Every structure is written in structure tokens, then in C-alpha cells.
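Turn these sequences into a full structure, and let the hints steer you where they fit.
Quick note: the sequence shown, position 428, residue 428 per this note's numbering, numbers continuous.
These are computed hints drawn from the structure, not numbers from a lab. These numbers were taken from a predicted model, which means no experiment stands behind them. C-beta: ideal position from N, C-alpha, C; glycine also. Hints are supplied without guarantee of correctness; some may be wrong.
[Said to hold, decoys possible] No more than 35 Å apart at the CA atoms, straight line, and that leaves these computed lysine-lysine pairs for DSBU-like:
{"hint": "1", "residue 1": "429", "residue 2": "458"}
{"hint": "2", "residue 1": "90", "residue 2": "22"}
{"hint": "3", "residue 1": "22", "residue 2": "12"}
{"hint": "4", "residue 1": "90", "residue 2": "114"}
{"hint": "5", "residue 1": "376", "residue 2": "360"}
{"hint": "6", "residue 1": "148", "residue 2": "233"}
{"hint": "7", "residue 1": "301", "residue 2": "248"}
{"hint": "8", "residue 1": "409", "residue 2": "463"}
{"hint": "9", "residue 1": "74", "residue 2": "43"}
{"hint": "10", "residue 1": "219", "residue 2": "287"}
{"hint": "11", "residue 1": "463", "residue 2": "376"}
{"hint": "12", "residue 1": "267", "residue 2": "356"}
{"hint": "13", "residue 1": "162", "residue 2": "75"}
{"hint": "14", "residue 1": "267", "residue 2": "301"}
{"hint": "15", "residue 1": "253", "residue 2": "282"}
{"hint": "16", "residue 1": "287", "residue 2": "301"}
{"hint": "17", "residue 1": "75", "residue 2": "8"}
{"hint": "18", "residue 1": "267", "residue 2": "248"}
{"hint": "19", "residue 1": "108", "residue 2": "356"}
{"hint": "20", "residue 1": "410", "residue 2": "429"}
{"hint": "21", "residue 1": "92", "residue 2": "114"}
{"hint": "22", "residue 1": "176", "residue 2": "162"}
{"hint": "23", "residue 1": "360", "residue 2": "74"}
{"hint": "24", "residue 1": "360", "residue 2": "429"}
[Claimed, not checked] The calculated label-pair distances, taken between Cβ atoms and stated as ranges, are:
{"hint": "25", "residue 1": "478", "residue 2": "108", "range": "20 to 26 Å"}
{"hint": "26", "residue 1": "265", "residue 2": "45", "range": "34 to 40 Å"}
{"hint": "27", "residue 1": "164", "residue 2": "477", "range": "46 to 52 Å"}
{"hint": "28", "residue 1": "45", "residue 2": "345", "range": "53 to 59 Å"}
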Amino acid sequence: MNNSDYYKMLDKDIAEYTEALKLNPKDDEAYYARGQSLYRRGKLDEAIADFTEVLKLMPNDADAYYYRGIVYHKKGEFDNAIADFTEVLKQKPRYADAYCNRGLAFYKKDEYDKAISDYNEMLRIDPQDTEAYYNRAIVYWKTGELDKEIADYTAVLNLNPKYVEAYYFRGQAYYKKALRQPWPDKTHPDEATTLASLQRERSGESRPNRDTQGELIDKAIADFTRTLELDPKYAVAYGHRGDAYIKKGEYDKALADFTEALNLNPKDADAYNNSGFAWREKGEYDKSIADLNAALLLNPKYTQAYFNRGLTYTEKASAEGPSPPLHPGESGDPGNPGAYRELLDRAIADFTETLKLNSKLPNIVYNQRGCAHSNKGEFDKAIADFTESLNLNPQYTQAYFNRGVAYYKKGRCDEAIADFTESLKLDPKYEMSYFSRCQAYADKSEEAEIAGCLDLEKELLQKAIADAGRFLELAPNHPTAWSMPELIRLWRIRIDEIG
1 MNNSDYYKML DKDIAEYTEA LKLNPKDDEA YYARGQSLYR RGKLDEAIAD FTEVLKLMPN
61 DADAYYYRGI VYHKKGEFDN AIADFTEVLK QKPRYADAYC NRGLAFYKKD EYDKAISDYN
121 EMLRIDPQDT EAYYNRAIVY WKTGELDKEI ADYTAVLNLN PKYVEAYYFR GQAYYKKALR
181 QPWPDKTHPD EATTLASLQR ERSGESRPNR DTQGELIDKA IADFTRTLEL DPKYAVAYGH
241 RGDAYIKKGE YDKALADFTE ALNLNPKDAD AYNNSGFAWR EKGEYDKSIA DLNAALLLNP
301 KYTQAYFNRG LTYTEKASAE GPSPPLHPGE SGDPGNPGAY RELLDRAIAD FTETLKLNSK
361 LPNIVYNQRG CAHSNKGEFD KAIADFTESL NLNPQYTQAY FNRGVAYYKK GRCDEAIADF
421 TESLKLDPKY EMSYFSRCQA YADKSEEAEI AGCLDLEKEL LQKAIADAGR FLELAPNHPT
481 AWSMPELIRL WRIRIDEIG
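If you want it as C-alpha cells, here you go:
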């Protein structure tokens, strides 16, 4: 039966019940039946009026309270719905559906403890009630109790191994739990698909239990895979499995899943955004930009897509811009200066747009924009951005380091040294802070030599040697490490000359 025929049938039923009530205005069964038909027809206020008439005639009719509660819930009048379901339960304390719907109303009102209590009661009545487990899992998702959420979805699947949504949402819970694990330090803060993940970058959290994290990601992938086995057109499951593959660094598999998601739903901005991230990780910057452009065409206010595109422009600039010599006697590559600056300008514009759209983690965006300004030689703007980042998060190691670099490039060595020192207090193994502070000490030693302050020069050279040695311990294979042994040798000779 199509919708048109269905509505015609309901209209006919309503007309017949109306005629019956003309003959007998106290026919509670006619009010009840017409109320149900009016509800199905979408005439909610008229349905409520009919169930209310039933209750005037039959004040203890639990079914009338129940269906009026259903209609109130449909209208979003959750307090009225709760009152009616509560009245039902006074009369029928084991009416599981009333607990279920009252629990849903409490959930809509963000009264999660009360919702859980109702679902607990459903399970006391029937421990095999999959709906109770499923609904309670949704509440645990809202409260952030992931282990309980996973346990409830597992209970659902033990009772019904083909419950597609339970696999999908359990997969999401496993994935979210994996994200809660502290992430390893990275040399680049774009190692995450979301701004929330980026917050973990050099935040001072302990290193993760990689096996636990990897196991959770694998469980998420298994659940998304099972979802797709049961329903091959479940587009968002492809998208989320792609996200999970990204976390494993399996970018080709991730891209295949995002392609499937987009085949099923070409307007999936999230799939384009995450595909853009995966292409960037593969070094395919133009493909990354194309997908991020597509995401922004679909959603011009997509904060994360602006941020990700800014990161891609930054990385592309780094790939195409100037590079220092890697070995003694070599010259650096000047790259393409014009293209380099244009890409950095685009990155700055995207980071600025991200901030306009109220990024959830502005300290990270300020830091990235500061890096782009610094790479352009706009050191005052860079310092302002790094300072803003640190105002928002005083524990942000990377921002201290980056501001130190900008100060150093402006010749403000004392401020640079202070920032490098602060970054090392937060992360004593941050090798580039040792390298950069070493450079600053060496520059200051030259100033001391010119000024004839030999004791100060010697002290600064000793500090430079200590930092250079620590840098070599932490990063013996770093591209700049080749120059350090010779510098250390020369500095030691100078110290011997000073005596």
C-alpha cells in the first residue's frame, strides 16, 4: 500500500469514527480508535484531544494514557509525555513499553540517570530485551561511559547477531575509546584527522599503550566490516572504517572506503574531508586539496576542512620551497619562491577562516598560522600567533619552540633561549629545542667575543656544546646532525684558547 492509499484509508476510518461519535458522544472506544488514526495521519493535537476524551470517560484507562504520552513525545512535549507514562506505570508496573518511552523522553531532556533507571527496570522485567540494552547503550554514549556502552551493544548482539546498528555503533564506541588513549609525540601536529585529536599533540600526556590502542582500532574495523557485510549500502560505515584505517596508517584502504562512501552518498562532506587528509599523508597534495575543496563546496562552514586544507598548503609549500644542504659541501635547493609564498598565503587564509568559524582548539590553529607567517619571514605576526596559542594553552610545547625560532630569526636570542628552555621543561626529549638553543648560545658567544667578555663567551660555548651533545644523543640521524661534531670541535678549541 502506497502513502496515498494509506492516508485515504485513515481518512475513511476517521470519518466513520466521527459518525459513530455523533450517534454516541460517550463512546470511549470510538474516541480511542479515532485518536490512533489521527496520530497516524499526523494530526497530533486532534489525537491528544481524543485520548483526553477517553480519559474523561475512563479515568483509569492505561492505554489512553500510554498513547497520549506517545503523541506528546512526538510533539516534543516531553514533560507531558513523562507524566502520562508515569500514570501508566502506576497502573501497570510491568509495562515495559512505558518504561522504554519514558526513558526516551528523559533522554531527550538530558536527564540521563533517569533514562538509565527506566532501561534498568525494563531489563529487570525482561533480561532478554534487546531494545532496553540498545537504548541504554545510547545513553551511555551521551554520558561518555564507553565501556558500559560497548557492553550493552555486545549484549544486544549476543541476543541478535544480525542487529546492524549495534555493530555500527559499537564500532564507533571502540574507535572513540581508542581516541581517548594518549597519542605518541609527532614531529608534525597534523597526525590526526580531527582537531580534537590534534589537541593531544605534545600536550604532556604519557605515551600510549600501543597494543591497547591498536586492538581497539582493530575491533572498530571488525565491527564496521560486519556492518557492511549485513548492509553493503551503509555509507557511514565505510566512512568510519576509513577513519579507523587512517589511525593505522593504512591510507590506501582508507581511501578505498571513502570512495565507496561517496559512491553511495556523493554529498558526504566528511568523506571528502577525511579523504583529503589521507591524500596529504601520502604526499598527494593536489588530490588532497581537490577533496578538501569538494568538502567546502558541500559545507562552506566546515571548520575542519579549512584547517586540513591549510595544513596541506603548508606541507605542499614545504615540499616545493627552499631546503638546506643535507651534507657538507652541498648547496641548498632554493625551490620556487613565488609558489612557496603563494601556498603559505593560502594556508594563512585557511587558518584565519578556521578561527573565524570558532575552532574548538584555537591554540593549535594559532600555532599553525604562526608557522606559516614564520616561514614567510613575517616574524612579528608569527610571534603574535604563538603568544596567543600559549595564552590559550600554557603547556603547549610546540608553540614555545616555534616562538623561540621566530625570536631567534629576529636576532632576539635571549627570548629565544627562554622559549627553548620552557619547551624543554615540558618535554625534556624534544631534540630540536636542544639544537635551536645551541645555535642561540653560539650566536651569543660571538657577541660576547666581540665585546671582549671572555668568561661569558666561554660559559655560552660550554652551554652550546652541552646542547649539541644532547641533540646528537636524541637524534643522531637527523639531517642537520652532520654539522654538529665539527662545531663542537671548533668550540672546544676556542674554549682552550680562552683558558
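> residue 429 and residue 458: Cα distance at most 35 Å?
Replying inline: 25 Å, holds
> Hey, residue 463 versus residue 376, does the alpha-carbon distance stay inside 35 Å?
Replying inline: 30 Å, holds
>> residue 22 and residue 12 were given as a pair; does the straight-line alpha-carbon distance stay at or below 35 Å?
In response: Roughly 16 Å separates the two Cα atoms, so the pair holds.
>> Does residue 114 sit within 35 Å of residue 92, going by the straight-line distance between their CA atoms?
In response: This hinted pair holds, its Cα atoms lying about 19 Å apart.
> Keeping to a limit of 35 Å between CA atoms, is the pair of residue 267 and residue 248 held or broken?
Replying inline: 26 Å, holds
>> Just to be careful, I want the Cα atoms of residue 301 and residue 248 compared with a cutoff of 35 Å; is the pair within it?
In response: 29 Å, holds
>> For a C-alpha distance cap of 35 Å, please report whether residue 176 and residue 162 respect it.
In response: 23 Å, holds
> Is the Cα-Cα distance between residue 376 and residue 360 35 Å or less?
Replying inline: 26 Å, holds
> Are the Cα positions of residue 409 and residue 463 separated by 35 Å at most?
Replying inline: 20 Å, holds
> Can the restraint linking residue 74 and residue 43 be considered satisfied, given a maximum Cα separation of 35 Å?
Replying inline: Given that 35 Å is the threshold and the Cα spacing comes to 11 Å, the pair holds.
>> Given the hinted pair residue 162 and residue 75, is their Cα-Cα distance within 35 Å?
In response: Holds: residue 162 and residue 75 sit about 32 Å apart, inside 35 Å.
> residue 148 and residue 233: Cα distance at most 35 Å?
Replying inline: Holds - the C-alpha atoms of residue 233 and residue 148 are around 28 Å apart, at most 35 Å.
Violated hint: 25 only; the structure is consistent with all others.
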